[in-house]
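Chains A and B are the protein sequences, given in the same order. In terms of the working numbering, the first sequence has 145 at position 145, counting the first letter as 1, and numbering is strictly consecutive. In terms of the working numbering, the second sequence has 1212 at position 212, counting the first letter as 1, and numbering is strictly consecutive.
Hints are supplied without guarantee of correctness; some may be wrong.
Simulated DEER-style distance windows between Cβ atoms [claimed, not checked]:
{"no.": "1", "chain 1": "B", "residue 1": "GLY1071", "chain 2": "A", "residue 2": "ARG103", "range": "40 to 46 Å"}
{"no.": "2", "chain 1": "B", "residue 1": "ARG1153", "chain 2": "A", "residue 2": "MET148", "range": "37 to 43 Å"}
{"no.": "3", "chain 1": "A", "residue 1": "SER129", "chain 2": "B", "residue 2": "SER1127", "range": "48 to 54 Å"}
{"no.": "4", "chain 1": "B", "residue 1": "ALA1009", "chain 2": "A", "residue 2": "GLY106", "range": "38 to 44 Å"}
{"no.": "5", "chain 1": "B", "residue 1": "VAL1068", "chain 2": "A", "residue 2": "GLY192", "range": "19 to 25 Å"}
{"no.": "6", "chain 1": "B", "residue 1": "PHE1056", "chain 2": "A", "residue 2": "SER129", "range": "43 to 49 Å"}
{"no.": "7", "chain 1": "B", "residue 1": "LEU1079", "chain 2": "A", "residue 2": "ALA21", "range": "52 to 58 Å"}
{"no.": "8", "chain 1": "A", "residue 1": "ARG103", "chain 2": "B", "residue 2": "PHE1080", "range": "21 to 27 Å"}
{"no.": "9", "chain 1": "A", "residue 1": "LEU105", "chain 2": "B", "residue 2": "PHE1012", "range": "53 to 59 Å"}
{"no.": "10", "chain 1": "B", "residue 1": "LEU1145", "chain 2": "A", "residue 2": "ASN199", "range": "17 to 23 Å"}
{"no.": "11", "chain 1": "A", "residue 1": "GLY192", "chain 2": "B", "residue 2": "GLY1143", "range": "39 to 45 Å"}
{"no.": "12", "chain 1": "A", "residue 1": "ASN38", "chain 2": "B", "residue 2": "ALA1223", "range": "55 to 61 Å"}
{"no.": "13", "chain 1": "A", "residue 1": "MET148", "chain 2": "B", "residue 2": "GLN1226", "range": "42 to 48 Å"}
{"no.": "14", "chain 1": "B", "residue 1": "PRO1073", "chain 2": "A", "residue 2": "GLY106", "range": "50 to 56 Å"}
Heads up, incomplete: computed chain B residues facing chain A, CB under 8 Å, no partners named [as the list claims (entries may be wrong)]:
{"no.": "15", "residue": "ASP1095"}
{"no.": "16", "residue": "LEU1097"}
{"no.": "17", "residue": "THR1099"}
{"no.": "18", "residue": "ALA1136"}
{"no.": "19", "residue": "ARG1144"}
{"no.": "20", "residue": "ILE1147"}
Away from chain A, derived, C-beta distances all over 12 Å, residues of chain B [said to hold, decoys possible]:
{"no.": "21", "residue": "PRO1090"}
{"no.": "22", "residue": "THR1101"}
{"no.": "23", "residue": "ALA1129"}
{"no.": "24", "residue": "GLY1165"}
Keep in mind the hints are simulated off the structure, nothing from the lab. Here a beta-carbon is modelled for each residue, glycine too, at the ideal position from N, C-alpha and C.
What follows is the residue order along each chain.
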Amino acid sequence: MVDGFEFTALTFPRDGAVLDALDISVGATESVALFGPNGGGKSSLLRVIAGTAPRTEPRAEVAYLPQIPYLFRGAVASNLTLGLDEEESDQARRLAEEFAVARLLGKPSDEISVGETQRVCLARTLASSAPLVLLDEPLSPINAASRMEIGSIITRCTSGRGLLWATHSLREVRAFADRLIVLDDGVILQEGPVEQVLNSPVDARVASIFGSP
Amino acid sequence: MSFIFEVLAEGFRHLVDFGPNLRSILWLTLAVSLSATIIGSSIGVPAGVWLAQARFRGRLAVVTFVNVGMGLPPVLAGLFVLLLLWGEGPLGGLDLLFTPTAMVIVQSMLALPIALGITLGAVSGLSPAATEQLRALRLPFSGRLRILISEVRVGVLVAVAAAFGRVIAEVGAVLIVGGNISGETRVLTTAIVQETRQARFGAAIALGIVLLVLSTIVNGGLAWLQARGDGDG
């Protein structure tokens, strides 16, 4: 069991979102939500930690799901287990059942919807045994009626692991996060336990972000 | 105009009289061009995939070098290989000059940058979502290579077809390192030059038609593969 994850001096000097040498931590079993307006640096932060941003390397052993779900050419089934070992692949197939996409496994990847693509990508990412999971707006492509259910599965699958995820929904933050980081212009404006941050914004800027994220 | 028609008619008469000499030229052309395409593509396609994803100091210089290679004058490549394989050259002891092997070597050199450059462009044009997802998966190079070739299959087929087109139509390099020896290193393009020099235009036209048909058959096969690839999802 790892103690937790400390990331220091995170920078990303491209794509308009400049991270201002951020320091963040995620507890070994903690769910930390990144919240803030578009372009505030949430995705950049996740990409820098995952090592997918240009000239970066992964900062930890992570399972990372980018903001835009994508399946490669071929059957959905082959995408589901991509990069996973045998045990993880079995878990991915179980999760595909839970995410209601098991019936799609024999289909070509370009014949399923964006929401279904996201469910397949979520099943693959969560099946990884990496101790830290990074999810960029995991519930955005999911239909509104299923978001809470999918969010609960994500929470269950990441219990005992670290979870750092970006979202635009305060409802999702309240339901699934232990701690909240408010990010804008590449700067952490406020962080702390969810209810504490939501009930006591440090200034008008944070309050306005909560008002209209 | 009557001269042109006479030459064309003579060319078609030569086609009907498809002798064993032309047959050996045809097979050697096919063997050399396909071998060079396979060798050049086998190196160029993976190298193009790698270069599209790699980030290192001097990458721009390497890409520029590849682009120059795509337009490399065949006679220069031929001269370079000639010097390598010449008796006193570094590889002179191999005794490969004026053999089909020498022709394959030089044509592979011409095919490689074409296959590499076009693959590089195809992979670089992948959607940011695909690139980000692939990086997120942290696959070994062999796994990334398989996925990327599948994703840009049309670009890879274009790369292979262009490499083949480059080598089958090429004359300067094979003339220099092959020597256009009848029955040994004479291919369709060098044979056309030979016939033209001797004012046997009808024979040259016949060879040109065979060259076109050969190129059409191979490119038709690649187009079929491409259509098949598009159809299976």
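Okay, the hints, checked on the actual structure:
In this structure the supplied range 40 to 46 Å is violated for GLY1071(B) paired with ARG103(A), their Cβ-Cβ distance being about 52 Å. Look at ARG1153(B) against MET148(A): about 40 Å separates their beta carbons, and that is inside 37 to 43 Å. With their beta carbons about 29 Å apart, SER129(A) and SER1127(B) fall outside the hinted range of 48 to 54 Å. Evaluation of the 38 to 44 Å hint for ALA1009(B) and GLY106(A) yields a failure: the beta carbon distance comes to about 59 Å.
At about 57 Å, the CB distance of VAL1068(B) to GLY192(A) disagrees with the hint of 19 to 25 Å. The hint said 43 to 49 Å for the Cβ distance between PHE1056(B) and SER129(A), and at roughly 31 Å that hint is violated. Between LEU1079(B) and ALA21(A), the C-beta spacing of about 55 Å keeps the proposed range 52 to 58 Å intact. Between ARG103(A) and PHE1080(B) the C-beta distance comes to about 59 Å, which lies outside the given range of 21 to 27 Å.
The hinted range of 53 to 59 Å is satisfied by LEU105(A) and PHE1012(B), whose Cβ atoms lie roughly 57 Å apart. A beta carbon spacing of about 52 Å between LEU1145(B) and ASN199(A) contradicts the range 17 to 23 Å that was offered as a hint. Against the hinted window of 39 to 45 Å, the Cβ-Cβ separation of GLY192(A) and GLY1143(B) comes to about 41 Å, which satisfies the hint. For ASN38(A) and ALA1223(B), the hinted distance range of 55 to 61 Å is not satisfied, since their beta carbons lie about 44 Å from each other.
Taken as a hint, the range 42 to 48 Å holds for the pair MET148(A) and GLN1226(B), whose Cβ atoms sit roughly 45 Å apart. Between PRO1073(B) and GLY106(A) the CB atoms are about 52 Å apart, so this pair conforms to the stated range of 50 to 56 Å. The interface hint given for ASP1095(B) is violated, since its Cβ lies 47 Å from the closest Cβ of chain A, which is over the 8 Å cut-off. The interface hint given for LEU1097(B) is broken, as the beta carbon of that residue sits about 45 Å from the closest beta carbon of chain A, more than 8 Å.
Hint on THR1099(B) is violated. Least Cβ distance to chain A is approximately 42 Å, over the 8 Å limit. Annotation: interface hint on ALA1136(B) holds; nearest CB of chain A at approximately 4 Å, less than 8 Å. Among the interface hints, the one on ARG1144(B) is violated; its C-beta lies about 10 Å from the nearest C-beta in chain A, farther than the 8 Å criterion. For ILE1147(B), the shortest C-beta to C-beta distance to chain A is roughly 5 Å, which falls under 8 Å, so the interface hint holds.
Listed as a non-interface residue, PRO1090(B) keeps its Cβ farther than 12 Å from every Cβ of chain A; the least gap is roughly 39 Å. At roughly 38 Å from the closest C-beta of chain A, the C-beta of THR1101(B) stays outside 12 Å, upholding its exclusion from the interface. In this structure ALA1129(B) is not separated from chain A by more than 12 Å, as the shortest Cβ-Cβ distance comes to only about 4 Å. No beta-carbon of chain A comes within 12 Å of the beta-carbon of GLY1165(B); the shortest separation is about 26 Å.
Comparing the model with each numbered hint stated earlier shows that hints 1, 3, 4, 5, 6, 8, 10, 12, 15, 16, 17, 19, 23 do not hold.
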